[in-house]
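Going down the list, the protein sequences come from chains A and B. Oh and the first sequence: position 56 is 56 in this note's numbering, straight run, nothing missing. Oh and the second sequence: position 127 is 127 in this note's numbering, straight run, nothing missing.
Treat the hints as calculated values from the structure; they're not laboratory data. In this text the structure is predicted, and so the values were computed from the model without any measurement. Keep in mind that the hints are not guaranteed to be accurate.
[To be verified] Okay, the calculated bits of chain A under chain B, using three or more residues with CB under 8 Å as the criterion:
#1 25-32
#2 124-132
#3 156-170
#4 180-194
#5 332-338
Even for Gly, the Cβ is constructed at its ideal location relative to N, Cα and C.
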Amino acid sequence: MTMNDPTPEGRFGDFGGMFVPETLVPACQELDVAFREAWADPGFRAELDRLLTDYAGRPSPLTECVNLSEELGCRVLLKREDLNHTGSHKINNVLGQALLAKRMGKTSLVGETGAGQHGVATATAAALFGMDCVVYMGSVDMLRQELNVFRMTLLGTEVRAAESGSRTLKDAVNEAMRHWVSVVEKTHYCLGSVMGPHPYPWMVREFHRVIGDEAREQCRKLVGGLPDVVVACVGGGSNAAGIFSGFADADVQLVGVEPAGGAAVGRAVPGIVHGSRSYLMQDEWGQVLEAESISAGLDYPGVGPEHAHLAASGRARYVPVTDAEVIDAFQLLSRTEGIIPALESAHGLAWISRERAELAGRTVLLNLSGRGDKDVAQMMDILR
Amino acid sequence: MTAALERALRDRRQTGEKCLVPYLTGGLGDDWLETMQAVAAAGADAIEIGVPFSDPVMDGPTIQLANDKALAGGATPHSILDRVRHSDIGVPTAVMTYGNIAYRMGWDRFARSLAAAGISGCILPDIPLEEIEPWALAADDAGVETVMLAAPTAPDERLPRVCARSRGFVYAVGLLGITGVRTELAHSAKVIAGRLKEITDLPVLVGVGVGTPAQAVEVCEVADGVVIGSAVVQRMLDGGGPEGVAELVAEFRGALDRG
Chain A
1 MTMNDPTPEG RFGDFGGMFV PETLVPACQE LDVAFREAWA DPGFRAELDR
51 LLTDYAGRPS PLTECVNLSE ELGCRVLLKR EDLNHTGSHK INNVLGQALL
101 AKRMGKTSLV GETGAGQHGV ATATAAALFG MDCVVYMGSV DMLRQELNVF
151 RMTLLGTEVR AAESGSRTLK DAVNEAMRHW VSVVEKTHYC LGSVMGPHPY
201 PWMVREFHRV IGDEAREQCR KLVGGLPDVV VACVGGGSNA AGIFSGFADA
251 DVQLVGVEPA GGAAVGRAVP GIVHGSRSYL MQDEWGQVLE AESISAGLDY
301 PGVGPEHAHL AASGRARYVP VTDAEVIDAF QLLSRTEGII PALESAHGLA
351 WISRERAELA GRTVLLNLSG RGDKDVAQMM DILR
Chain B
1 MTAALERALR DRRQTGEKCL VPYLTGGLGD DWLETMQAVA AAGADAIEIG
51 VPFSDPVMDG PTIQLANDKA LAGGATPHSI LDRVRHSDIG VPTAVMTYGN
101 IAYRMGWDRF ARSLAAAGIS GCILPDIPLE EIEPWALAAD DAGVETVMLA
151 APTAPDERLP RVCARSRGFV YAVGLLGITG VRTELAHSAK VIAGRLKEIT
201 DLPVLVGVGV GTPAQAVEVC EVADGVVIGS AVVQRMLDGG GPEGVAELVA
251 EFRGALDRG
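The shape of chain A in the complex, shown without the other chains:
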């Protein structure tokens, strides 16, 4: 199987759909139509390509890790999304959505953020396009990621604290949706992952498939073919969806790495929250559980519906790693390659490092979804 478009109702197998309050249905339907038109319009594609190249710095390089490969005994390639403008893959999606929002005549953006990467990217796009922007962030995350809060403010965005529930990403999504319900006519919800109601899971994946398409071509040139395994961290799952989409139709293993404390796919219980049916961490009554991860960006109890489908169909596998393994991996890449990864991306490396015996002699492509600058202060506290 491969990663096809969803059904017109937004289904990937049993997952997806449009589970939103009635007030938001017309906006989601309007977005679906607008995205289909834009994505089929060569003018829109050319404008987005220009932005991705001249503004975001694409294509991102593929780096062969000689030292790390020697240490682990497998050939490790990194897709360097950390080198994009704003420091992560998130810019691909926000440039696409902001361009689309402008085309739809929307004047404002609202977004949510966990680690702050998507929030910074959204604030960046809002500045570039001259749009008003509000970003919701859990107050716990605002403490963990103080610098990103300041970055957003510097970019002209208003950061609002989500004080409900666990005060992390899940609650930021709730607040962003509540905000969107009240301003839906002029405001585009710039959702940061392959989750939410249709068309978001599909649209966000399409805006990120440039990662996978580039990486496949770069692998062909560098190693003369395909990697054996493609690895990416999974919270909502946007960077994984982006890189997987370049390889899903090929004979390549796809591995999504979840934090042990936020392994929605690992638990495999379906639920409905934030606009779609997918796997969801919840109790026996359907109350959503709080995820726990060292990484604010993966601290989310759900997962994008297409990942649930990829897992249920067996096309991709999803594995958990612990915070301790992530801390080791964070240091390992820094020490061996001179690359400080985002804690999110370090999850992927943590799995590769743990499974090095199984991976011996194979070629492993890791999506290095973001850089670790934002995590340095937190790691300094942990390691000292």
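The hints should help you fit chain B onto chain A, whose structure is shown.
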């Protein structure tokens, strides 16, 4: 045969009076059931029983807080339905909760649990028309009335389809936003009520942003009635008890009856 919720509301409308449906959070405090009984006696035509959910995206701070408190106090869908089953509230009831609560239990099982508890209707605000069918069929089978929401953002072609699928009444969303008391009634409240009244014979009740007796009277110049949530729940949170909450509901009843 018209089911109990719709019957009660039509009966009220028949007399030329307006329908009053308060929302109360189930499992909030020790006396929530007695409060519902007192509210019924104070002139409510039906009662919405909120079954708390951890992530209520349609709700503002008041109902969020009530949800959190009820959940912290150990409320579950089972504990709430079980108490309702063993009591007589005095008027027809409808559960208002979010899709995942019903989905987790299973659409059929949840529908049968409501019927077994003597609950007439159900409102799932995050399950729109496009996704309602599996639930609605289960509810139809169990004899539970599925109330649909109609929003100001809906284009004209959509509203008749919403009304056709709705049972009991049509829940007109009064404004673009979440639940909560506002200082003034939004202009959109009477507009959506008017659009619905033109196309359906079902009772049209406006909720979301109807927080005072005066606002209820104003919107009922067009609508058949109101759902009042946050104002009532705030009184519960303030420790009003059965008497205090019933007093507030009686104020709404009196204002609506005076017109």
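Here is what the structure says about each hint:
no.	hint	verdict
1	25-32	holds (count 3)
2	124-132	violated (count 0)
3	156-170	holds (count 3)
4	180-194	holds (count 5)
5	332-338	violated (count 0)
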